[in-house]
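**Student:** Residues per chain, in single letters:
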Amino acid sequence: MTNLLLLAGVFVFSFGLGYFLISRIPPLLHTPLMSMTNAISAVTILGVLILFSVGSTPAEQAMGGVAVIMAAFNLVGGFAITDRMLNMFKNKGEGGQEP
Amino acid sequence: MMDTHTAVSLFFDLAVIGMLLLGIWLFGAPHTARRGNMAAALALAGAAGLILMRNGAHHPWLLLFCLLAGSSAGYVVARKVDMIQIPAMVAFQHGAGGVAAFMLSFAELMRGAGRLGVLNEISGLLGLAIGALTFSGSLVAAGKLANKLRQAPVFLSRHTRVTLMSLSVILGLIIAAMVMPETGRPAVYLLLILVSALFGIVFSMRIGGADMPVLISFLNATAGVAAAFCGMIIENKLLISCGATVAASGSILTHVMCRAMNRSLLHVFLPKGRPQPVPPGQRQERGEKEKNESGQKWGHEENQPVVDRAGAERGEGFSRALEHAANAQRVIIVPGYGMAVAQAQFALLELAGKLMAMGKSVKFAIHPVAGRMPGHMNVLLAEAGIDYDLLVEMDEINPEFSKTDLTLVVGACDVVNPAAIEVDGSPISGMPILLTHESKAVVCCNLDSEPGYSGVENPLYGNGNTIMLMGDAKESVQHLADHLLDMPVGRPGEPGTPGMPDGDPAGDRMETAVNALAAAKRIIVIPGYGMAVAQAQFKVAELAALLEQRGADVKFAIHPVAGRMPGHMNVLLAEAEVDYEDLCEMDEINPEFQDADVAIVFGACDVVNPAAMESEGTPISGMPILSAHEAGRVIVCNFNADPGYSGVKNTLYEDPKTLFLQGDAGSTAGDLIYGLKTAN
Numbered sequence: 001m002t003n004l005l006l007l008a009g010v011f012v013f014s015f016g017l018g019y020f021l022i023s024r025i026p027p028l029l030h031t032p033l034m035s036m037t038n039a040i041s042a043v044t045i046l047g048v049l050i051l052f053s054v055g056s057t058p059a060e061q062a063m064g065g066v067a068v069i070m071a072a073f074n075l076v077g078g079f080a081i082t083d084r085m086l087n088m089f090k091n092k093g094e095g096g097q098e099p
Numbered sequence: 001m002m003d004t005h006t007a008v009s010l011f012f013d014l015a016v017i018g019m020l021l022l023g024i025w026l027f028g029a030p031h032t033a034r035r036g037n038m039a040a041a042l043a044l045a046g047a048a049g050l051i052l053m054r055n056g057a058h059h060p061w062l063l064l065f066c067l068l069a070g071s072s073a074g075y076v077v078a079r080k081v082d083m084i085q086i087p088a089m090v091a092f093q094h095g096a097g098g099v100a101a102f103m104l105s106f107a108e109l110m111r112g113a114g115r116l117g118v119l120n121e122i123s124g125l126l127g128l129a130i131g132a133l134t135f136s137g138s139l140v141a142a143g144k145l146a147n148k149l150r151q152a153p154v155f156l157s158r159h160t161r162v163t164l165m166s167l168s169v170i171l172g173l174i175i176a177a178m179v180m181p182e183t184g185r186p187a188v189y190l191l192l193i194l195v196s197a198l199f200g201i202v203f204s205m206r207i208g209g210a211d212m213p214v215l216i217s218f219l220n221a222t223a224g225v226a227a228a229f230c231g232m233i234i235e236n237k238l239l240i241s242c243g244a245t246v247a248a249s250g251s252i253l254t255h256v257m258c259r260a261m262n263r264s265l266l267h268v269f270l271p272k273g274r275p276q277p278v279p280p281g282q283r284q285e286r287g288e289k290e291k292n293e294s295g296q297k298w299g300h301e302e303n304q305p306v307v308d309r310a311g312a313e314r315g316e317g318f319s320r321a322l323e324h325a326a327n328a329q330r331v332i333i334v335p336g337y338g339m340a341v342a343q344a345q346f347a348l349l350e351l352a353g354k355l356m357a358m359g360k361s362v363k364f365a366i367h368p369v370a371g372r373m374p375g376h377m378n379v380l381l382a383e384a385g386i387d388y389d390l391l392v393e394m395d396e397i398n399p400e401f402s403k404t405d406l407t408l409v410v411g412a413c414d415v416v417n418p419a420a421i422e423v424d425g426s427p428i429s430g431m432p433i434l435l436t437h438e439s440k441a442v443v444c445c446n447l448d449s450e451p452g453y454s455g456v457e458n459p460l461y462g463n464g465n466t467i468m469l470m471g472d473a474k475e476s477v478q479h480l481a482d483h484l485l486d487m488p489v490g491r492p493g494e495p496g497t498p499g500m501p502d503g504d505p506a507g508d509r510m511e512t513a514v515n516a517l518a519a520a521k522r523i524i525v526i527p528g529y530g531m532a533v534a535q536a537q538f539k540v541a542e543l544a545a546l547l548e549q550r551g552a553d554v555k556f557a558i559h560p561v562a563g564r565m566p567g568h569m570n571v572l573l574a575e576a577e578v579d580y581e582d583l584c585e586m587d588e589i590n591p592e593f594q595d596a597d598v599a600i601v602f603g604a605c606d607v608v609n610p611a612a613m614e615s616e617g618t619p620i621s622g623m624p625i626l627s628a629h630e631a632g633r634v635i636v637c638n639f640n641a642d643p644g645y646s647g648v649k650n651t652l653y654e655d656p657k658t659l660f661l662q663g664d665a666g667s668t669a670g671d672l673i674y675g676l677k678t679a680n
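Protein chains in written order, with my numbering: chain C, 1 to 99; chain V, 1 to 680.
Since the hints were derived computationally from the structure, they do not count as laboratory data. Quick reminder that beta carbons are idealized off the backbone N, C-alpha and C, glycines included. Fair warning: there could be bad hints in the mix.
To be verified - Covered stretches of chain V, as calculated for chain C (at least 3 residues, CB under 8 Å): (1) 213-225; (2) 347-360; (3) 551-565.
Produce the entire structure from the sequences given, and follow the hints as far as they go.
**Tutor:** Spelled out as structure tokens, the structure:
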């Protein structure tokens with residue numbers, strides 16, 4: 001039970017911290033932000049890897065396989081497209097060190 | 001139960017989380033965002049590596065194959081996809097995340113049957129449901145965003161009831177799954193996935209194209225929640241943490257989008273039907289009222305989106321005068337008795353209004369004896385409705401003439417006669433005058449160049465920097481006012497601009513628009529979904545670059561819900577290599593519209609509709625808009641003049657200062673570029 005409370009605490013704390021961190025991201029970057037967080041949500045791939053770490057039935061393997069494909073697509077595709085988008089955001093004073 | 005709770009593993013977990021947070025932190029500014037994205041990607045890759053190292057894999061080849069297949073597909077799609085398809089791509093990826101989440105939940109529930117705690121099991125079931133609805137909802141969203149599905153909301157009969165019923169069936173199935181004997185559970189799980197997927201479809205099908213920013217942000221949040229629930233089943237803190245962060249991000253975006261559209265989430269998701277257009281009667285009234293208001297403000301303003309060509313045959317003096325007027329920053333107007341005789345004050349006010357709208361400083365210099373009674377000019381100008389703060393007494397304004405670019409003399413003679421100071425012994429010598437001759441240029445709108453009441457020749461008329469516009473002052477001033485926005489281009493744009501038939505009103509409008517852009521110092525570009533549809537961002541960016549090259553200050557005004565997803569316009573313009581520093585958010589740019597000479601709209605409608613502020617009870621009333629109507633001149637490059645998604649007629653189109661260039665936004669931008677280049 002204490003473990004579950006801890007997990008709920010992790011959720012609440014992460015949500016709060018995420019809220020704080022993400023609130024300061026300017027609307028200019030909202031599309032890349034959505035794309036990046038989308039890639040982060042593919043963190044489920046870790047769960048599938050854990051699933052694969054123990055012996056499993058063929059049905060589980062099939063489901064795990066689909067999940068890995070989808071999550072990997074999401075993960076790699078999400079970060080790659082975010083990077084591509086961000087690369088387009090150009091600035092005249094590129095290389096400027098303004099905060 | 002999967003975690004090995006050793007200090008070392010905890011350290012690595014923390015390192016991964018720290019890296020991820022650093023990534024999100026770096027994402028907060030455009031120039032570090034790319035590094036932030038990298039950091040987040042590395043964090044997740046590191047986490048995956050750690051898990052593989054710690055636990056190994058029972059079916060390494062299968063796993064490797066799936067990993068490679070998914071990754072390479074993701075990478076190739078990310079490299080190849082057009083920027084126009086980004087919203088659809090992101091929506092599709094949300095769907096992929098949903099699939100991964102419900103597959104994982106399903107597998108864990110099957111395997112853990114009987115061994116899972118109650119809360120883990122509830123988490124699993126929720127992960128199943130939310131994952132499935134995220135999947136199907138995202139597919140609908142992706143379809144709409146990719147134009148594969150109809151943009152319009154699709155309504156079933158009793159749609160809200162169907163939605164709520166399927167939601168309660170989902171809850172019922174979750175409860176059933178908890179109390180069922182184990183053998184029946186897989187069937188319930190499958191049913192739960194099916195019903196949730198149906199719910200996702202029912203739920204998102206009636207959200208129309210323009211509300212997609214809300215839906216896509218919301219699905220972003222649900223994908224995060226689904227991942228967090230997956231983490232709850234297997235009690236993995238990293239999954240929970242990442243899922244919660246994504247959920248937070250999606251919630252923020254959903255909230256921002258709703259606020260920007262002035263709609264509640266409930267209103268977007270459970271609409272009562274299509275937005276109702278305003279009844280025609282009401283619309284008419286509003287249009288009339290607005291016209292009257294602007295009429296009062298600027299005197300007899302003609303309703304003239306199309307500049308008439310009547311004065312085109314006027315001589316060189318007029319074009320030079322217009323050139324000066326267009327280029328001047330400080331303008332002083334000197335009214336005299338001739339203005340009163342010609343009743344030119346209204347035309348004068350129109351001209352003054354336009355000059356001010358172009359960002360110029362305009363003042364009226366009032367000589368104590370101008371006119372036929374003390375304060376004559378003040379009365380006439382007040383009659384026309386000019387702000388008395390702009391009427392400046394002689395002693396106060398005289399020091400300013402030397403800093404003035406243009407002085408416009410309207411029907412005044414003796415009071416501006418330099419002979420009063422320069423020539424001794426004349427009847428007016430020693431009389432205090434307005435020092436108009438000190439300004440850089442003088443334009444005189446007098447009936448003739450005869451001496452005034454004093455009979456003393458006015459040397460001002462013969463000065464090199466004086467332009468005489470002889471004739472009725474009212475007509476001359478009106479001509480200046482009408483043609484001001486044509487300047488300073490010596491020769492108006494070619495009549496045969498591509499796509500614009502010769503000599504028709506559209507061609508005239510194009511010409512006027514080109515001239516307005518050529519003369520403008522401050523320009524604000526407003527992109528909308530129409531720009532995305534027409535793929536006009538490259539032409540728009542080219543036009544902006546050209547205008548900047550000509551010395552104008554060009555900014556882009558980005559409405560939070562312009563387009564189909566948060567920040568949609570930013571991405572498109574970034575694709576066209578527009579400097580992101582020029583992309584201004586609504587709150588930041590709105591105060592600048594009143595100083596802007598030209599606001600140019602590409603495919604935006606509702607986000608610039610002043611009706612949002614003016615009329616109560618329309619679907620958009622209260623929605624924050626970009627104040628394009630405050631700019632000196634508005635150019636609208638839209639496909640048609642129909643109302644936007646809200647169904648509310650756009651009163652901006654009826655504004656006399658609006659030039660409507662109908663047609664494909666990309667070719668209109670191309671025509672403007674052509675016009676500007678050939679005008680030189």
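**Student:** Determine for every hint whether it applies to the structure shown.
**Tutor:** The hints, checked one at a time:
1. 213-225: Holds: 5 residues of the stretch 213-225 of chain V have a Cβ under 8 Å from chain C.
2. 347-360: Result for this restraint: violated, n = 0.
3. 551-565: holds (count 3)
The earlier numbered hint that this structure contradicts is number 2, and it is the only one.
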